[in-house]
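Each chain, letter by letter, is given below.
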Amino acid sequence: MAPKAEKKPHTPAAEKAPAEKKPKAGKKLPKDAAGDKKKKRAKKSIETYKIYIFKVLKQVHPDIGISSKSMGIMNSFINDIFEKLAQEASRLSRINKKPTITSREIQTAVRLVLPGELAKHAVSEGTKAVTKFTSA
Amino acid sequence: MAAKGKTLASDSAASGKKSLSRSQKAGLQFPIGRIARFLRNRKYAQHIGTEATVFLAAVLEYLATEVLEIAGNVARDNKRLRIIPRHIQLTVRHDEELNTLLDDVTICSSGVIPKNHNNLLRIQNVC
Numbered sequence: 001m002a003p004k005a006e007k008k009p010h011t012p013a014a015e016k017a018p019a020e021k022k023p024k025a026g027k028k029l030p031k032d033a034a035g036d037k038k039k040k041r042a043k044k045s046i047e048t049y050k051i052y053i054f055k056v057l058k059q060v061h062p063d064i065g066i067s068s069k070s071m072g073i074m075n076s077f078i079n080d081i082f083e084k085l086a087q088e089a090s091r092l093s094r095i096n097k098k099p100t101i102t103s104r105e106i107q108t109a110v111r112l113v114l115p116g117e118l119a120k121h122a123v124s125e126g127t128k129a130v131t132k133f134t135s136a
Numbered sequence: 001m002a003a004k005g006k007t008l009a010s011d012s013a014a015s016g017k018k019s020l021s022r023s024q025k026a027g028l029q030f031p032i033g034r035i036a037r038f039l040r041n042r043k044y045a046q047h048i049g050t051e052a053t054v055f056l057a058a059v060l061e062y063l064a065t066e067v068l069e070i071a072g073n074v075a076r077d078n079k080r081l082r083i084i085p086r087h088i089q090l091t092v093r094h095d096e097e098l099n100t101l102l103d104d105v106t107i108c109s110s111g112v113i114p115k116n117h118n119n120l121l122r123i124q125n126v127c
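So the sequences go chain by chain: A and B. Numbering of the first sequence is given in the working numbering, commencing with residue 1 and proceeding in unit increments. Numbering of the second sequence is given in the working numbering, commencing with residue 1 and proceeding in unit increments.
Among the hints, erroneous ones may be present.
[Unchecked claim] Which residues of chain A face chain B? A few of them, derived with a C-beta cut under 7 Å, are:
1. I51
2. Y52
3. I64
4. K69
5. T108
6. G116
7. L118
8. G126
Rather than coming from a laboratory, the hints here were simulated on the basis of the structure. Cβ coordinates follow ideal geometry from the N, Cα and C atoms, glycine included.
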């Protein structure tokens with residue numbers, strides 16, 4: 001009788017468990033049905049510089065490829081340099097009490113951030129692009 | 001015909017000219033529009049000049065070109081048709097200015113530059 005007596009308190013618990021499960025299952029079912037009816041959630045697009053890095057690579061070395069890890073490294077490199085130049089330009093505009101970042105701030109930031117010859121070549125490339133853009 | 005660029009389709013249809021993207025106008029591969037949006041949304045300043053985005057895109061493209069050109073040469077020297085992280089590491093560490101720019105950067109899965117310290121080499125008797 002003891003086991004029967006022991007079973008009794010179990011059964012309400014056992015009843016509770018499926019009872020608890022049922023509303024959960026009940027809650028799940030319409031969600032599943034709704035999920036089945038709805039199309040799969042569109043993947044959120046992540047913006048990278050990867051396609052542009054690939055285009056530049058094909059301009060420079062048309063027959064050389066790049067692994068995905070290397071592409072990730074290059075993407076991180078571009079993001080890092082972007083952040084450095086933008087932060088420096090922001091600081092320059094704030095120091096000079098100007099609310100605008102112009103090409104002058106970017107040029108000064110390039111001279112401050114990039115070392116030596118790299119800065120000179122980068123400034124000349126930037127000036128050439130701006131001239132071509134304004135004349136177009 | 002809808003084309004990439006800021007100009008409206010009606011403008012291009014009316015003028016008869018194909019609308020060009022800003023990157024095409026500047027002769028660049030890097031996206032000027034996306035860089036402009038990043039500069040505006042991340043609150044670097046209240047206003048962003050149009051020439052600033054062109055200049056920045058040109059600088060980023062020049063740096064990417066510089067690294068990819070040397071890395072491609074390193075890959076070819078190692079008889080490989082694909083750039084791997086090791087090639088980028090060798091590119092950066094052998095170039096003085098790129099090494100200064102990326103002094104505090106660790107490149108994943110790239111190894112180190114081969115170097116033996118002089119004190120660890122055998123003593124060479126000099127007659």
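**OP:** Output the numbers, in ascending order, of every earlier hint that fails for this structure.
**Re:** 1 and 5
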